[in-house]
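J.: Protein chains in written order, with the numbering used here: chain A, 377 to 508; chain B, 377 to 508; chain C, 15 to 401; chain D, 15 to 401.
Note that these hints are calculated values from the structure, not bench results. A few of these clues could be false.
No more than 20 Å apart at the CA atoms, straight line, and that leaves these computed lysine to any residue pairs for SDA-like [said to hold, decoys possible]:
{"no.": "1", "chain 1": "D", "residue 1": "K109", "chain 2": "D", "residue 2": "T48"}
{"no.": "2", "chain 1": "C", "residue 1": "K109", "chain 2": "D", "residue 2": "A108"}
{"no.": "3", "chain 1": "D", "residue 1": "K109", "chain 2": "C", "residue 2": "A283"}
{"no.": "4", "chain 1": "D", "residue 1": "K109", "chain 2": "C", "residue 2": "G134"}
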Amino acid sequence: MSRAADTADQLAPRIRALFSALDHAGEFVAHEADGAAHRAHGEAGREELGTRVQFSLAIAGQRLVGVRYRAYGCPHTLATCEWLARSLEGRRLDSLAIGDPLEWAQRLDVPAAKLGRLLVIEDALRAALTRS
Amino acid sequence: MSRAADTADQLAPRIRALFSALDHAGEFVAHEADGAAHRAHGEAGREELGTRVQFSLAIAGQRLVGVRYRAYGCPHTLATCEWLARSLEGRRLDSLAIGDPLEWAQRLDVPAAKLGRLLVIEDALRAALTRS
Amino acid sequence: MSSPQTEPVYLDYAATAPVDPRVATAMSGCLTRTGVFGNPASQHHFGRLARARVEQARAQVACLIGAAPAQIIWTSGATESNNLAIFGTARAAAKAGHIVTARTEHKAVLDPCRRLEQEGWRVTYLTPDRDGIIEPLQVHEAIGADTVLVSIMHANNEIGVIQDIEAIARVCHERDLPLHVDAAQSAGKLEIDLRRCAVDLLSLTAHKLYGPKGIGALYVSPQRRARLRPLIYGGGHERGLRSGTLAVHQIVGFGLACELCVRERGEDAQRIEALRMRLWEGLRSIEGALLNGHPTRRVAGILNVSFPGVEGESLLLGLPELALSTGSACNSDSDEPSYVLRALGRDIELAQSSLRFSLGRFSCERDVEVALGAVRREVQRLRAVAP
Amino acid sequence: MSSPQTEPVYLDYAATAPVDPRVATAMSGCLTRTGVFGNPASQHHFGRLARARVEQARAQVACLIGAAPAQIIWTSGATESNNLAIFGTARAAAKAGHIVTARTEHKAVLDPCRRLEQEGWRVTYLTPDRDGIIEPLQVHEAIGADTVLVSIMHANNEIGVIQDIEAIARVCHERDLPLHVDAAQSAGKLEIDLRRCAVDLLSLTAHKLYGPKGIGALYVSPQRRARLRPLIYGGGHERGLRSGTLAVHQIVGFGLACELCVRERGEDAQRIEALRMRLWEGLRSIEGALLNGHPTRRVAGILNVSFPGVEGESLLLGLPELALSTGSACNSDSDEPSYVLRALGRDIELAQSSLRFSLGRFSCERDVEVALGAVRREVQRLRAVAP
Ligand SMILES: Cc1ncc(COP(=O)(O)O)c(C=O)c1O
Ligand SMILES: Cc1ncc(COP(=O)(O)O)c(C=O)c1O
Numbered sequence: 377m378s379r380a381a382d383t384a385d386q387l388a389p390r391i392r393a394l395f396s397a398l399d400h401a402g403e404f405v406a407h408e409a410d411g412a413a414h415r416a417h418g419e420a421g422r423e424e425l426g427t428r429v430q431f432s433l434a435i436a437g438q439r440l441v442g443v444r445y446r447a448y449g450c451p452h453t454l455a456t457c458e459w460l461a462r463s464l465e466g467r468r469l470d471s472l473a474i475g476d477p478l479e480w481a482q483r484l485d486v487p488a489a490k491l492g493r494l495l496v497i498e499d500a501l502r503a504a505l506t507r508s
Numbered sequence: 377m378s379r380a381a382d383t384a385d386q387l388a389p390r391i392r393a394l395f396s397a398l399d400h401a402g403e404f405v406a407h408e409a410d411g412a413a414h415r416a417h418g419e420a421g422r423e424e425l426g427t428r429v430q431f432s433l434a435i436a437g438q439r440l441v442g443v444r445y446r447a448y449g450c451p452h453t454l455a456t457c458e459w460l461a462r463s464l465e466g467r468r469l470d471s472l473a474i475g476d477p478l479e480w481a482q483r484l485d486v487p488a489a490k491l492g493r494l495l496v497i498e499d500a501l502r503a504a505l506t507r508s
Numbered sequence: 015m016s017s018p019q020t021e022p023v024y025l026d027y028a029a030t031a032p033v034d035p036r037v038a039t040a041m042s043g044c045l046t047r048t049g050v051f052g053n054p055a056s057q058h059h060f061g062r063l064a065r066a067r068v069e070q071a072r073a074q075v076a077c078l079i080g081a082a083p084a085q086i087i088w089t090s091g092a093t094e095s096n097n098l099a100i101f102g103t104a105r106a107a108a109k110a111g112h113i114v115t116a117r118t119e120h121k122a123v124l125d126p127c128r129r130l131e132q133e134g135w136r137v138t139y140l141t142p143d144r145d146g147i148i149e150p151l152q153v154h155e156a157i158g159a160d161t162v163l164v165s166i167m168h169a170n171n172e173i174g175v176i177q178d179i180e181a182i183a184r185v186c187h188e189r190d191l192p193l194h195v196d197a198a199q200s201a202g203k204l205e206i207d208l209r210r211c212a213v214d215l216l217s218l219t220a221h222k223l224y225g226p227k228g229i230g231a232l233y234v235s236p237q238r239r240a241r242l243r244p245l246i247y248g249g250g251h252e253r254g255l256r257s258g259t260l261a262v263h264q265i266v267g268f269g270l271a272c273e274l275c276v277r278e279r280g281e282d283a284q285r286i287e288a289l290r291m292r293l294w295e296g297l298r299s300i301e302g303a304l305l306n307g308h309p310t311r312r313v314a315g316i317l318n319v320s321f322p323g324v325e326g327e328s329l330l331l332g333l334p335e336l337a338l339s340t341g342s343a344c345n346s347d348s349d350e351p352s353y354v355l356r357a358l359g360r361d362i363e364l365a366q367s368s369l370r371f372s373l374g375r376f377s378c379e380r381d382v383e384v385a386l387g388a389v390r391r392e393v394q395r396l397r398a399v400a401p
Numbered sequence: 015m016s017s018p019q020t021e022p023v024y025l026d027y028a029a030t031a032p033v034d035p036r037v038a039t040a041m042s043g044c045l046t047r048t049g050v051f052g053n054p055a056s057q058h059h060f061g062r063l064a065r066a067r068v069e070q071a072r073a074q075v076a077c078l079i080g081a082a083p084a085q086i087i088w089t090s091g092a093t094e095s096n097n098l099a100i101f102g103t104a105r106a107a108a109k110a111g112h113i114v115t116a117r118t119e120h121k122a123v124l125d126p127c128r129r130l131e132q133e134g135w136r137v138t139y140l141t142p143d144r145d146g147i148i149e150p151l152q153v154h155e156a157i158g159a160d161t162v163l164v165s166i167m168h169a170n171n172e173i174g175v176i177q178d179i180e181a182i183a184r185v186c187h188e189r190d191l192p193l194h195v196d197a198a199q200s201a202g203k204l205e206i207d208l209r210r211c212a213v214d215l216l217s218l219t220a221h222k223l224y225g226p227k228g229i230g231a232l233y234v235s236p237q238r239r240a241r242l243r244p245l246i247y248g249g250g251h252e253r254g255l256r257s258g259t260l261a262v263h264q265i266v267g268f269g270l271a272c273e274l275c276v277r278e279r280g281e282d283a284q285r286i287e288a289l290r291m292r293l294w295e296g297l298r299s300i301e302g303a304l305l306n307g308h309p310t311r312r313v314a315g316i317l318n319v320s321f322p323g324v325e326g327e328s329l330l331l332g333l334p335e336l337a338l339s340t341g342s343a344c345n346s347d348s349d350e351p352s353y354v355l356r357a358l359g360r361d362i363e364l365a366q367s368s369l370r371f372s373l374g375r376f377s378c379e380r381d382v383e384v385a386l387g388a389v390r391r392e393v394q395r396l397r398a399v400a401p
């Protein structure tokens, strides 16, 4: 069980901080994003493969007024979802650049071995955006 | 150098005691065994083979009135020479039983690996006795 | 998720146990000039003192398992012991043959077996039942004409399940085959009496029984001695089976640790078992919590539980007040969940949602309460986040 | 012959050195619950603390020899390091080849070579000159088309003679051959800077440089890493080259011992050299006393002297106030006198009449005076007894 890997050492403080405050996880609750014209959902991944992610977007005008997610996955996965939700909330859809997993990994110090997981996040987010 | 062998552990207290008091080593000195009718010498072994032993016997009547030795060899060799000298001194030649290396080894707790060295002692002693 | 104000609670005794203070004291008496610092191979005073301590420790270790001192070979730990047992037996064989082992063995058994496969050997990896048990009959059926060795562990390091080594030994004995047992997790915890059990090779390590890391032993039965090829040559220490200067302080620590186990095993086991039961009683009230491994055939200290719907690495990170291991072992080297749980037939999700709690001599009630509170909190939080 | 009233004077630093008290203190901080007791492979708090110490020590060891930390592989000592270097290189070769080494190497090099000979390898054992020196040209001439490895030690453990490793490394480099160096007796005592010297594999052990027994290292150059076959498998520690739980206290002790050597080597060497010179000045006044090994190309602490006409084992036993080794090593396993002295061309009698005095950090003037008095007395006594 105790293998030679150093996941915990590699965990950037940023990842730890995000992981410990997954404020955007869950559903929109009553009155949240009430003024939204519509909602959009997207999801990707499977528990058996280690990662599953859902995004819910609340859109009003050309603006993302709310971003929520649910996720099953490793700390990097959860933290990246939270970070994306925080950074996208309030942004205009027409000028939206979500970047890509490589860029996220760089910004958040996610190790290369975890890139596959970020791809699942990207799939879920793009699926939601496509429907928005 | 430091091998796994336990020579020092195997050294019986008896061997240690004899080794530290090699009283019969050397030559007969002035007046020692003066009354002896004759002397006999015997030797065996070679330094390069690890052991060399010489015995000198002083005989008076049918009695070994003096036993001396010189020896180059391991502690067991020196101790056995000393023990033989002590036990043979004063004994009558006609009833002399010197025993054999196996018996000496048992009496003195000499390890089996050293039997070869005791054979050299036996050769030297028998050579001297033959000439006495 | 809360931050630890103090040190986390240690629940990872199966990974390594702290050294017993009595053992540490004995060890520190064998280091500096004022202690027993000699090389046991030296023939002088200091060598003799060291040798005496080494031989005393050999007797202590032997006593723990009902062996004779001359049957104990010092190694650097159970990893080396397992390697010596497996490669040592295999390389002494005239040609490549067959080995029987189990999918749930430690890597220190599996990796040597894999290496031998690359050298032309055939290896049967037995699959245990859902509880982690290997039936002696499975071993019997796997043995073929070219089988050279059977290697089955005593207690498993991930799930704590105990194999019926006596019965497996009888199977091997019938076929005149040597049995190697990795007893790293059971020695000092379960009774092992080699007088009553035809084991040929048995691996031990000190650091799981409150001794130091980096020292272990291989028990070698008199019949096997001549048929074991050394791994490490150079001077002929340990009757030629393992060369290298003997680490006196390590050996002395191992010996005393064994003696303490002999004296205190009963008490320790009872107390630790009670703590584990308390822990499981608390954890099973968490919805879906699932015990991995046989419910009763287990060592006192190890409890492995899956929490469906919760990913193990995240669960661990969310428990900073606890120090334990996960079966998901999601790491940079491998994303695979525990191969042991997979061998029990757990699906990947369950395997990656597991935690291994392992308790030991210094565990207490409070540790269990802290663990229960933390796990309840974090499972709830992560489930709330999950889809 | 007199009985020791007190402990004998320790003159066997080449067999093992006592642990420096500063090292012992550091080690004892890595054993019990109140210290750094975690398994460095664990991902939690205790694992991280342990890992940090291990990596600090790796840097300390690397610094001693001018290597990068990633090039240091922990082992259980120089015996294992030598085995890993030699078997690791040989077994990675496609077929049996040729090795060049010397008759004066330690058994931990010679015995693996002998084993390889049994497996079809060819080994050239170079004979040194009368002073114990192997000329680089000898290595050059011994290298053949199928040579796979050259293994030459740095400082000899019996006579203290230093080989010109830099020059030998150049010879190997020209032929694109890896050079293994057993530096057990030189590390911490002589400068070793692998940035300036094309050594591929270098063996270290802690207990000769005031660290603990049972821990060592193999330096592996980046070019060799991928071409070395492990000896011990199971978990993939140390980049797959040496599996097994890392012994944190041992590694920490080794690391600090190296750091102390870096800081104090100069002073230590000067002081020890002066003591050795004093000892030799005294001993050479004994009739026939003969220095074994090169008079100046030697490590500070080792002095090997033959006393013709005196058998070594008896000489030793007659010196109960001294703890040292003899080249005669007359023991139950073997009656052969030192193979190292024989390789220098000493005849059997001289070889079996030798004593190895080895001094170290804690040796003092009084030790030398006691040694001189005792040796003079006992040589005289035994010569009086000899034919
Ligand atoms: C069952 C089992 N075998 C072998 C080992 C390896 O032992 P060591 O850590 O002494 O190398 C361990 C622990 O790591 C283990 O739990
Ligand atoms: C030159 C040399 N190589 C190897 C060794 C073996 O090292 P260790 O005692 O660490 O196994 C020693 C000492 O015993 C030595 O002097």
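J.: If you check each hint against the structure, which ones fail?
T.: Violated hints (numbers, rising): 1, 3; every other hint is consistent with the structure.
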